[in-house]
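Asker: Starting from the structure of chain P, add chain S where the hints point.
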Amino acid sequence: MQEPGAWAIPLTESICGDAGLTGGKAAGLARLRADDLPVPPAYILPVAVFNAHFPDAQPEQRPERPTLAPELATTLSRIAAELSGGNGRKLVVRSSALGEDGDTASFAGQNATYYYVDAASLTKAVTDCWLSLWSEPALAYRQANGIDGAFGMAVIIQQMVQSERSGVCFSEDPTGEKSDHALLESSWGLGAALVDGRVSPDRFWVSLDGRINQRRISRKRLKVAEDLRDPSDARLEPVPLRLQTRASLSDVEVGRIADMTRGIALRWGVPQDVEWAMHGDELYILQSRPITAQAMPRTVQSTVDGGAVDGRWVLFKPTAENFQEPMTPMTVDLYRRVIPPFGRFIHGRFYVNADLAAHLLPWSLSEEALADVLLMRGAPADQPLDWRRLLGLGAILSAGYLLNGITWHRTARVPLSSLDAFASLCDGVLARDDLDPLASLRQLVLNDHPFRPIGEFPIQCNISSGRYFLLIEVLNRLLARIAPDYDRTNLSLVLSGGPAMLSRQMVEGIRELADIARADTVLAAAMVEPASDLQATTLALGDSHPFNLALESFLARYGHRAVREIELMTPRWREDNNSVLNLVRSFFARQTTEERTDPHGLLLAAEDELHQALPHRWQRRLTDQLIERIRYYVTLRENTRYYHTMAMAVIRVKLKALEQKLLQADKLKCEDDVFFLEYDEAAALDEGALDWTDLEPVIRRRRLDYQNQCFTRPPESFNILARIPLLIPEGNLLVGDCASPGVAAGTARIVRDPSMASELRAGDILVAPYTDPAWTPLFPGTAAIIVEVGSYLSHAGTVAREYGVPCLVDVHGCMDRIHSGAQLRVNATEGWVEIVS
Amino acid sequence: MIEGLVFLLSMPLTVYTLSGTLEVVDQPESAGRFRALLGLAFRVALFTILTLSTPAGARIWILFGAITAIALSLTGQFAIRYLIRSGRWPTERVE
Chain P
130 MQEPGAWAIP LTESICGDAG LTGGKAAGLA RLRADDLPVP PAYILPVAVF
180 NAHFPDAQPE QRPERPTLAP ELATTLSRIA AELSGGNGRK LVVRSSALGE
230 DGDTASFAGQ NATYYYVDAA SLTKAVTDCW LSLWSEPALA YRQANGIDGA
280 FGMAVIIQQM VQSERSGVCF SEDPTGEKSD HALLESSWGL GAALVDGRVS
330 PDRFWVSLDG RINQRRISRK RLKVAEDLRD PSDARLEPVP LRLQTRASLS
380 DVEVGRIADM TRGIALRWGV PQDVEWAMHG DELYILQSRP ITAQAMPRTV
430 QSTVDGGAVD GRWVLFKPTA ENFQEPMTPM TVDLYRRVIP PFGRFIHGRF
480 YVNADLAAHL LPWSLSEEAL ADVLLMRGAP ADQPLDWRRL LGLGAILSAG
530 YLLNGITWHR TARVPLSSLD AFASLCDGVL ARDDLDPLAS LRQLVLNDHP
580 FRPIGEFPIQ CNISSGRYFL LIEVLNRLLA RIAPDYDRTN LSLVLSGGPA
630 MLSRQMVEGI RELADIARAD TVLAAAMVEP ASDLQATTLA LGDSHPFNLA
680 LESFLARYGH RAVREIELMT PRWREDNNSV LNLVRSFFAR QTTEERTDPH
730 GLLLAAEDEL HQALPHRWQR RLTDQLIERI RYYVTLRENT RYYHTMAMAV
780 IRVKLKALEQ KLLQADKLKC EDDVFFLEYD EAAALDEGAL DWTDLEPVIR
830 RRRLDYQNQC FTRPPESFNI LARIPLLIPE GNLLVGDCAS PGVAAGTARI
880 VRDPSMASEL RAGDILVAPY TDPAWTPLFP GTAAIIVEVG SYLSHAGTVA
930 REYGVPCLVD VHGCMDRIHS GAQLRVNATE GWVEIVS
Chain S
5 MIEGLVFLLS MPLTVYTLSG TLEVVDQPES AGRFRALLGL AFRVALFTIL
55 TLSTPAGARI WILFGAITAI ALSLTGQFAI RYLIRSGRWP TERVE
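The listed protein sequences correspond, in order, to chains P and S. Using our numbering, you'd call the opening residue of the first sequence number 130 and step up by one each time. Using our numbering, you'd call the opening residue of the second sequence number 5 and step up by one each time.
Bear in mind the hints are in silico, worked out from the structure with no lab data behind them. Be aware that a few hints might be false.
As the list claims (entries may be wrong) - Here are the computed distance ranges between Cβ atoms for each label pair: (1) P:Glu-816 with S:Ala-75: 17 to 27 Å; (2) S:Leu-12 with P:Ala-629: 49 to 59 Å; (3) S:Pro-32 with P:Trp-516: 18 to 28 Å; (4) S:Ala-62 with P:Leu-850: 50 to 60 Å; (5) S:Ala-49 with P:Arg-596: 16 to 26 Å.
As the list claims (entries may be wrong) - Stretch-level coverage of chain P by chain S, calculated; a stretch enters the list once three of its residues show a Cβ under 8 Å from a Cβ in chain S: (6) 543-549; (7) 580-587.
What the hints assert, rightly or not - With the C-beta cut set under 10 Å, the calculated list includes, among others, these residues of chain S facing chain P: (8) Tyr-20; (9) Leu-26; (10) Glu-27; (11) Ile-71.
We put the CB at the ideal spot given by N, CA and C, even for glycine.
Looking at chain S on its own, in the form it has when it is part of the complex:
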């Protein structure tokens, strides 16, 4: 039960934290970057809280959740783009 819950929670948290990393890169101005860094720190803190509040035996499921989220986020994006780019997924046209 706890493993499943931890797995489900860690997935969106991974996406949230990953986006936090990229938001830092997206900010060209130092003020914006500082704010984004604060946001990233907050997300890392959330991840830490999740890890610390999870029983040691179930922590491996946080890792599984994170890996699944990263795999879905990356391969999902690439797969959709690949399907469309390669012409395997064209929208129909009725003349």
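Just chain P, same shape as in the assembly:
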């Protein structure tokens, strides 16, 4: 063995800055240390030590594990004793390969890093780290990036920071979303969870003048355990509920980290990607490297290359308007087995087949017009009919009627209470241990017996009740003819579903909880204190406290609901009542008992106004009949959502049971990993046909893909030119579609997740990326609602009409262009919003 000049070099030595001797990562750390930045103490085993143990190292030939030179073994013992400080402090062993963290290739996550290393395991960690140079991912990375130069690795042995918070900071936003801003990502615990894609980090965009211009606080459900003994074991533990939705950094801390990152980038002359960690108030820099394309694993283009997908596809609005995040692989895999193939799941979102639709529609539409129709932006008014296609469509509709006409008619007068039959069906399926998740879903969605009571078919009722949209069109045309002077601004209110609507009853449940809290001094104090732990406060009150009794009753009825409830990975309210408590807090802040709106009074006034516009009795009878039908279908459609989400809650329970079984058998390592498998993979894991090592890289890749997709807007279409909605880049006007008419002015409040604490106050204008029923408790008391993705049929519109709140949907760019605190003027009737200041 040819001895190297030195077995280990302290990071403080200037020679460590030579990337040819110590690899790119160690050289970067040495520069940071030389600049007096807070880098934890470390030693470097230079590349020469690697060469001494692997004299003929080639990428093609993976060597055997080497025997360490006695001098190195002695050196490692000394380093371990010095860095652990005699108190058992743990070490981290990191790779620093030649070319790693360079200007063109980062090798991010390709070579190994070992945390929680102690003196006894240091030797093994060092050799493992060297051998990771021959790991499949690292070799594939070299091949993919055309790296065929120097092959060798230095190793960094560093004092480990017991991170309470950690993350990365980019001196320039590499996603391109705000390229003149620094982008900071942060989460609880050790940063490895971020790299694995298991945690959605909080994101902060910091402008050059140090202001935080945008923040996205994510739900951080998992973190690396602080007292982890065995790093190869299940590495993640749940974050306490009260911390999951709380910002992991204060504004001051965000500014401090962003300043430091910008300082490094300025000194080094290249935009930097800095890994940082905090223990208490102490900030540490763990790594800094130039931002390269490869250094941005969590970023993807906002539009995906259409070449990767054949055929023409358009985003299916009814699911896209409920949540922007993609569905997890397990959710997609289960759903795709129970829905007819009129579309396709692409990157976790559902797209409809535009080629098929083009054949079915009776007009010869341009690409833009076709995309408009499929995106529910209204049918073209002046397109000439193609009679041959019309005949074809007639034949298809007739066949459709023969196949589904019975269901269509049966949904015309469904007693709303009869839908409870589906709740019983769900209970029955849940109780049956012989039904696995897939069989349960098939049982609930593809019911075996089409002649069972219609109450057991909420999804069919939901689809059939969409006909109210046609009835509204009929009513509008009728009123235009018989009452041309009638101002139809309040017509939406007349058409609302009324008190039988379960979403509205849910809002009343939240209101009741807020009223009870208002009457209790302890709860009232906790509600107004944003940092208070509501869960702990309510627990301390005891089970028999009126608030807890009412909360229990609320969860018994609505516990199967949640934000993003279509996604099976989402915990339901009964699993995590923190979301409900935050909704109560938000309601508490917006309304006092004196300020509440009276939907029934508004409805009666609107009905009177309509009747006065209709002079003849027959006109009133005819419109009343139409209105009765519309109200019925609106209520039925909204209520069926309450029921069919019960099925999703049942499947989630079954999947979680399977996950528990796999975790206990050590076949899965981390909570929620099961949602990144396909169902057959999970079943094979359960049966022993596959094991963890087969699926770990798959889970890891899918988690990272999922993280990428969460931070991008889904493309509206593939291989078809969708109309870009009118947006004046330099102006202050945004446009959208009216879902509930009216005008309003007020302060904008951006809300990304209704279950998180927000600053929304009475009279504010709610600006949201999307809405689903769990958002509805935020609506009463707001001056107006602006939604980025939605349609007239969406829940935002349906419930906004209930409360007479103006609502504008499909307002492209509103989440980027409008900032919390901006003054807005909204004219939902005409479909625009103006940013006044």
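Answerer: Chain S only, in chain P's frame:
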């Protein structure tokens, strides 16, 4: 000509009447059931009118239409469910 027309008319009327029967079953309350029974009676009356206004020689086509409609309604529902349940008709997933 008349046979074809009668055949085409009897098919939706059969679906309409069948649904009327099931609507009676769907109503848990007696008031709702009475209303559904009235609806069913109306549909049966429509069927009767169609039968009486059809020349005797063509009435067999009403029966053919009814059988076709029942077969399509039932087998159609079952066939679609079977195809999906058996995994023969899965929606594609692009990762």
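Asker: Now tell me if each hint is right for this structure.
Answerer: Structure-based check of each hint:
1. P:Glu-816 with S:Ala-75: 17 to 27 Å: Violated - the Cβ-Cβ distance for Glu-816 of chain P and Ala-75 of chain S, about 41 Å, lies outside 17 to 27 Å.
2. S:Leu-12 with P:Ala-629: 49 to 59 Å: 39 Å, violated
3. S:Pro-32 with P:Trp-516: 18 to 28 Å: Because 46 Å falls outside the window, the suggested range is violated.
4. S:Ala-62 with P:Leu-850: 50 to 60 Å: Between Ala-62 of chain S and Leu-850 of chain P, where Cβ atoms are some 52 Å apart, the hint holds.
5. S:Ala-49 with P:Arg-596: 16 to 26 Å: 25 Å, holds
6. 543-549: Coverage by chain S holds for the stretch 543-549 of chain P (4 residues, Cβ < 8 Å).
7. 580-587: Contact hint for the stretch 580-587 of chain P vs chain S: holds, 4 residues under 8 Å.
8. Tyr-20: Status holds, d = 6 Å.
9. Leu-26: Because about 6 Å separates Leu-26 of chain S from the closest Cβ in chain P, which is inside the 10 Å limit, the hint holds.
10. Glu-27: Holds, because the Cβ-Cβ distance from Glu-27 of chain S to chain P comes to roughly 6 Å (cut-off 10 Å).
11. Ile-71: At 12 Å from the nearest chain P Cβ, Ile-71 of chain S fails the 10 Å test, so the hint is violated.
Against the hints set out earlier in the document, violations occur for numbers 1, 2, 3 and 11.
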